[in-house]
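Participant: Knowing the structure of chain Y, use the given hints to seat chains F, Z, U and S with the ligands on it.
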Amino acid sequence: MIKLLEGPQTLGRGPVFWSCFLAVLAGALIYPLFADSYDVGNFSYFLIWIFMALGLCLMWGYGGMLSFGQTLFFGIAGYAYGVLAINMGGGTTTIAALLLSVVIAMIAAGILGYFMIWGGINGIFFGIVTLSATLVLAFFLGQTAGPEWHIGDARLNGFNGMKGMDPLAIGSVYIEGSALYYVMVALIVIVYLALRMLVNSGIGNVIVATRENPQRAEMLGYDVRKYQLLTFVLGSGLAGLSGALYTSWGQFITPSSIGLPAAAMPIVWVAFSGRSDLTATLVGSFLLLFGFQTITVYSQQAALVLMGALLLATVMAAPQGFVLGIGKFVADRLTGRGKRGEADLSAASTLKTDEA
Amino acid sequence: MSAEVFSVFYQFADVFAFLILSAAGLAIVFGMMGVINMAHGEFIMCGAYVTVGLVNLGVPLPIAQIAAAITAGLIGVVVEYLIVRRFYKRPLDSLLATWGLSLIVTQSMLLIVGSSVRGIGTPEGSFAIGAYTFSSYRLVLFAAAVAVLVGLYIVFMKTRFGVIARATMQNAAMARALGARTGRIYAISFGIGAGLAGLCGALYAPTMTLIPTMGATFVVESFVTVVIGGANVLLGTAPAALLLAAIRMTLNASYGQIIGQIGMLVAVILIIRVLPEGLSSVLVRRGR
Amino acid sequence: DPPLKVGLLEDISGDLAFMGMPKLHGSQLAVEEINKSGGIMGRQIELIHLDPQGDNARYQEFARRLLNRDKVDVLIGGITSASREAVRPIVDRTTTPYFYTNQYEGGVCDASMISMGAVPEQQFSTLIPWMVEKFGKKVYVIAADYNFGQISAEWNRKLMKDLGGEVVGEEFIPLGVSQFAQTIQNIQKAKPDWLLTINVGAAQDSFFEQAAAANLNLPMGSSIKVMLGFEHKRFKPPALNNMHATANWFEEIDTPEAEAFKKRWKAKFPDEMYINDMGYNAYNTLYMYKTLVEKAKSTKLEDLRKVIATGDACIDAPEGKVCIDPKSQHTSHRMRLISVGPKHEVKVEKDYGTIQPYWLGEIGCDLTKKNDKDQYTPSHLPKKS
Amino acid sequence: MSLVEVKGVSKRFGGLRAVSEVDLSVKAGEVHCLIGPNGAGKSTLFKLIVGLFPPTSGSILFDSVDITAERPFARVQRGMSIKMQAPSVFKELPVLQNIQIALQERTSGAERAREQERLLELLGLAQDRTKMAGALSHGQQQWLEIGMALALQPQLLLLDEPTAGMSPEETFKTGELIKSFNAEGMTVLVVEHDMAFVRQIAQRVTVLHLGKIFARGSLDEILQDEQVAEIYLGKTHAH
Amino acid sequence: MLTKSGSTDRILDVRGLWAGYGATPILQGVDMTIMRGEIVGVIGRNGVGKSTLMRCIIGLLDSWRGTIAFMDRDVTALQADARARAGFGYIPQGRDVFPQMTVEENLQVGELIGGPKGKKLPEMVYEYFPRLRERRKQIAGTMSGGEQQQLAIGRALIGNPALMILDEPSEGIQPSIVQHICEALKSFRSELGTTIVFVEQNLDTILAIAQRCYIMEKGRITHSLVGDEVNEDKVRAQLLL
Ligand SMILES: Nc1ncnc2c1ncn2[C@@H]1O[C@H](COP(=O)(O)OP(=O)(O)OP(=O)(O)O)[C@@H](O)[C@H]1O
Ligand SMILES: Nc1ncnc2c1ncn2[C@@H]1O[C@H](COP(=O)(O)OP(=O)(O)OP(=O)(O)O)[C@@H](O)[C@H]1O
Ligand SMILES: [Mg+2]
Ligand SMILES: [Mg+2]
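Chain order of the listed sequences is Y, F, Z, U and S. Using my numbering, the first residue of the first sequence is number 136, and each one after it goes up by one. Using my numbering, the first residue of the second sequence is number 9, and each one after it goes up by one. Using my numbering, the first residue of the third sequence is number 16, and each one after it goes up by one. Using my numbering, the first residue of the fourth sequence is number 3, and each one after it goes up by one. Using my numbering, the first residue of the fifth sequence is number 985, and each one after it goes up by one.
The following block holds chain Y by itself, in its conformation from the complex (with noise of 0.2 Å):
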């Protein structure tokens, strides 16, 4: 078990790399004995977001399906926890309401990737029908502001959104703050080894061969689309947890968080970051999610100048992704040598790239 830790779908091997991931771990575990309770509070913050990140790295960088629909299973986990929230009354049921709804996102993307994968939908249609299935969810709850929209005790209120929901809590005692970022920091921990030990597995090598050449893998004996089927409900299920985890943080959710643009969000983060790592994904969505917050606030009207420039410089310099880039950059230095970096570049094509 411990073995799939490492292998060769995951970048960063070997005792360098194991101490640094102890190394940020301690710190990240000491961080809030000496920062603002804010701070605290705004690290858990983008700590939700990561797993709709590593979600969609591992259904678009490994399995090759890019898909628009992260908001979706976003919102319906969202949804559900403040529907369970506010209709099984607060208190530790909010602990089975996030299970609940991360359990409700999976379903509703079994039944969507049911549909999709065994119609043989793939590549650039995946990405449409995704598309258009988050932006029905989003136009059906925008019009949902009338009364008689409710569920139990919850009213979906449209577009203004739902709330009044409680935050996590184990009985009278709400998980907040310091106890909040350790709960996000043990999640994010399991669920990136979690996902380090999937990929590295035989069914990593599966979803990998399934993206590189799915006729292929096939013909090697796997029902591909089993895969296909699980690495989407995985994804899935990861932006369920995200916002089941959201709505539990702001009590509220709106449309908004599954509509256009919000839905393009996942795939900048991910393709900042380098979609074909799960530790650059958790590294890059961390970095971008805090670079563009502080490139909010401090620059006013300039922010979506330089957030646009940043990705902008980051593709055309890194074409692998920024973190990926700087990752590889360092291995070569350390290890002295560039194979997997370099086989990427010219496995592209058995021809000359076509760039002058």
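Check before you lean on any hint, since a few could be wrong.
[Said to hold, decoys possible] Simulated crosslink set (DSS-like; lysine-lysine; CA at most 25 Å straight-line): (1) Lys-1202/S <-> Lys-93/U; (2) Lys-175/U <-> Lys-1170/S; (3) Lys-321/Z <-> Lys-336/Z; (4) Lys-336/Z <-> Lys-278/Z; (5) Lys-86/Z <-> Lys-312/Z; (6) Lys-237/U <-> Lys-1170/S; (7) Lys-1121/S <-> Lys-214/U; (8) Lys-93/U <-> Lys-361/Y; (9) Lys-97/F <-> Lys-214/U; (10) Lys-362/Z <-> Lys-149/Z; (11) Lys-175/U <-> Lys-1218/S; (12) Lys-248/Z <-> Lys-281/Z.
[To be verified] One-sided and incomplete, this derived list gives chain F residues near chain S with beta-carbon spacing under 10 Å: (13) Arg-168; (14) Thr-176; (15) Gln-178; (16) Ala-181; (17) Arg-189; (18) Asn-240.
[Claimed, not checked] Some chain S residues near chain F, calculated using beta-carbon distances under 7 Å: (19) Leu-1044; (20) Trp-1048; (21) Leu-1062; (22) Ala-1064; (23) Ala-1068; (24) Arg-1069; (25) Asp-1080; (26) Phe-1082; (27) Gln-1084; (28) Glu-1088.
Hints in this document: simulated from the structure, not taken from any laboratory. In this text, all values refer to a predicted model and were calculated from it rather than measured experimentally. Positions of the beta carbon are idealized from the N, C-alpha and C atoms, including for glycine.
Facilitator: Leaving out everything else, chains F, Z, U and S with the ligands in the frame of chain Y:
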């Protein structure tokens, strides 16, 4: 012809024109060249702003519109040269790059031109049939859409440039090895795509509110139309627009715009499920 | 003395920038004036503005940031109702007052929030009877398909029923839709006497141009057009011809106080296309805050609310005297009914004098007694206890 | 006993009948070669056997079970594997991982490690194991693909032009390899244009032409056939 | 090495060519001279760099060092398209037809770009490869392997190049058509004066048409056989070294 019947045709033509005009540029840039152009809406916006700017300077509207399309096309060529040409092999990265570009452009427009520009009014007046009155300009839009379709077909199917351009987009290295100046072909094609987007903006400028983010209203529809059309955009885009226009128009008329919008997206999901390769895959098979 | 920190959340980028910009300007103008004249209780105001870019999640992030990190004394801002609702649960858990400065669909009964804009009983109960009387009993409604539009439509329905009128059609438009040929036809089919246009956002505003091009030619009424979106400035005449609205503020008001205010504004922001009611309300908000703090001799929400409870929380605004209603913490306004002519000239048709925001109080919201933290609509009334 | 039985199978593409009413049976344990002009329908027939296309009509039996409606992976799990005509390896994965993906269902742990070394050695790709498969030369990709097909240890091995682009010695080596697997009981069906190679391995030969079975028999019988020479072999091979 | 001088006869002159992918060198100092009107074969084991050499000559891969001269003009700095217009024709390994275009359009691409050419060329291609005429409207991507190979050859030929570079033209082609292609190549030379360099694994083909033959090993040309030396025993002997 009864007013009701005419009205149905008119509404259909109106939605069709909207879909075709917003999708035409993207059909080339995304459908043929494979660049996921998130800045498509910004080229549309550019066409609209230039049109309004020129009209305010006293240029007659049709000339302003043509000039706007050309301007957008030229900007497209520059953008291709500076940014897009790095991404032909990496379509998914083109998404990020053009998204960044789109952020920069919309916000810069806001900073430079201001949050809103005064409209120029719709030309051509109106006509009445039965109890209904119609804007004549909408017929101009429809005619323009048809002209764009025919023009695209001729340029890419019948001209020397078109054949070479299609070859380049399918296998650039091989086309080079046969002597095609692929860099130039890419730049021109992207320019045509951007120019058509600009044309869309120019044509709709008199009928819309101009704000820097106005391009966004076109983007979903245009992507959906191009994708439904399938790999062969020259064959697929028109039937895709016809189909979607019919669905949207019917739903709009009977159940209102919300159902029209939701219904169109649901239809998209169902169409792709039935034809996972898009409409043109069926047409190509038939055609042979 | 340390400065008073005022946290401001206004969109100055994204889709709503054209509305958010005047709001920022109004706040900046007021802060400058107040600081020049000695501040609030001798303390200067430090304005901390963040731009949530029209994103509800950012509203939440930034509200927390301003409240918990910058520890502002008061929070102001928000454009859409959704952004206000995003901020409210966060403010509710603090002891900081929150001012919402827009006109809106009304109904929020929340002790932490003070509403400075006009609400339906001030706008619709004036406009709709007038339109019915002047143009006829049949109305067709086009409304944005979100809470503002739907609740406003609900108000219209209720009022039309009381007036014996008929709603011959209601069409809800998803945000971002910009094509209206079908809608125009639907309207012609329904043959209304007049239109209620509560469509929202730049895309939906295209309706006016397209309706004019199709020669629809119907009288129109609205609670948000002209004074808020200054469509009569943005569109070429006569697209807005025959539009009617009731407003507490519009740039064309020509009282001496208003003229003086406009002069100060234009001096500071000469490029402003139009001083809309949102920007104006934002300006008033700071003066109202100043009055409250000076009367309470404190910046605590609790103490400010004591002043409000006295019913004597008033300022002399450019529109006239306005006061905060103790029960609902909404503001009374001097309402005028305006119309737009073929050349887009604005004329005052009727001056209603001061109108109280009475509805919430009537249905049982009384913040001096209990804090509901809820939003009510005609079809969602407080539970009788 | 025939391992595969193709019964009256046809496949149309639009107006074109690529495979038409073909009956073919491959006996368990034989090396069977399928030859025929370009476009005769050989690859199409292969794809029908592994299930990449549904046949327009007819049925396909494997080990006496009708598999016509089965999905490709299920057929592979029954014990067949294929090397396609155009190399279709996992281009952006390292060579070693390509092999592992093929091996992992059948073997695990130390056995897999042993198997994988053996295969890499056999394919001459031991030095290239960390290279991306897409960075291999054309011939090396063919090898890799053959290796992946072999890794499954199928009962029936389908090879579509295995030696295309291989040098003469390598072609010969491939032939010996096929024979050795055949000796261990593997049934092999091969499409080839290289007659020397066919001679080296084939026990039976079937000629396909215009989607139909044109001739069958031993290679010598086929080479004698003047019509075959005319449609396919040309003059040098005609005796 | 061939020593015949007289620079006007020299159509291609490759000197000390180095090239590779990423940081890995593949070609390590290749020298090669082709005379006008020759048919020259290149043979070698899998992975020694034959295709790499051809890509480098046509300009799809940048050379690191060394020069390539075409008709006494240094073309090392020219891009592939410029070289093609100067008179190179290329048939890559793996065919690379334009998959979404019809057979006819594929041929048009070759025809439209190349230099001036005779009117009969398209007709000639159809005559050599009647299957292409039958399938004029078929989408090239759906053709069988051998059919695509014929199309790729036809597409290059139709541009009437002075120098044709073929990377394993007989791969996947039925024996009779291989013979046919050999005939065709010979007659291009005699009728159009085309010079031909081709990579081959199929000994019969080499023996049938090559006047000279280069043998490649690990990124270098190790042997060059001329005239009578191009026979089965010699080639096999060299290859097995
Ligand atoms: N998807 C398809 N659509 C249309 N026609 C097709 C398709 N696939 C194959 N064909 C046609 O069917 C015929 C048989 O093709 P197939 O690939 O089976 O030939 P083959 O015998 O393998 O030839 P080769 O020896 O050249 O590989 C060819 O004429 C080909 O053009
Ligand atoms: N795109 C590429 N990226 C990296 N290395 C490559 C690439 N293409 C080929 N190589 C390597 O270069 C070497 C030579 O390859 P090349 O394709 O030139 O061989 P070849 O002689 O043509 O072989 P074959 O007979 O198999 O076609 C091989 O070791 C191969 O692994
Ligand atoms: Mg074949
Ligand atoms: Mg090669």
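Participant: Mind checking the CB of Asn-240/F against every CB in chain S and telling me if the closest is under 10 Å?
Facilitator: 7 Å, holds
Participant: For the restraint on Ala-1064/S, tell me whether the closest CB of chain F is nearer than 7 Å.
Facilitator: 4 Å, holds
Participant: Measure nothing beyond the straight line between the CA atoms of Lys-1121/S and Lys-214/U; if it is 25 Å or shorter, mark the hint as holding.
Facilitator: The hint holds at about 23 Å.
Participant: Do the numbers back the hint for Arg-1069/S, that is, is its least Cβ distance to chain F under 7 Å?
Facilitator: 4 Å, holds
Participant: Within a Cα-Cα threshold of 25 Å, do Lys-237/U and Lys-1170/S meet the stated pairing?
Facilitator: Holds: Lys-237/U and Lys-1170/S sit about 17 Å apart, inside 25 Å.
Participant: Is the Cα-Cα distance between Lys-86/Z and Lys-312/Z 25 Å or less?
Facilitator: The hint holds at about 19 Å.
Participant: Interface hint check: Trp-1048/S, Cβ to nearest Cβ on chain F, cutoff 7 Å. Holds or violated?
Facilitator: Not OK, violated: Trp-1048/S not within 7 Å of chain F, min 19 Å.
Participant: Given the hint that Lys-248/Z pairs with Lys-281/Z, test it: the Cα-Cα distance must not exceed 25 Å.
Facilitator: 16 Å, holds
Participant: Any CB of chain F closer than 7 Å to the CB of Glu-1088/S?
Facilitator: Constraint on Glu-1088/S not satisfied, violated at 10 Å.
Participant: Starting from Lys-175/U, check that the Cα of Lys-1218/S is at most 25 Å away, please.
Facilitator: The given pair, whose Cα atoms are some 20 Å apart, holds under the 25 Å limit.
Participant: Mind checking the CB of Ala-181/F against every CB in chain S and telling me if the closest is under 10 Å?
Facilitator: Holds, because the Cβ-Cβ distance from Ala-181/F to chain S comes to roughly 6 Å (cut-off 10 Å).
Participant: For the hint on Gln-1084/S, just tell me whether its beta-carbon gets within less than 7 Å of chain F.
Facilitator: With a minimum Cβ separation of about 6 Å from chain F (threshold 7 Å), the hint on Gln-1084/S holds.
In summary, the structure is inconsistent with hints 2, 9, 20, 21, 28 from the numbered list given earlier, while agreeing with the others.
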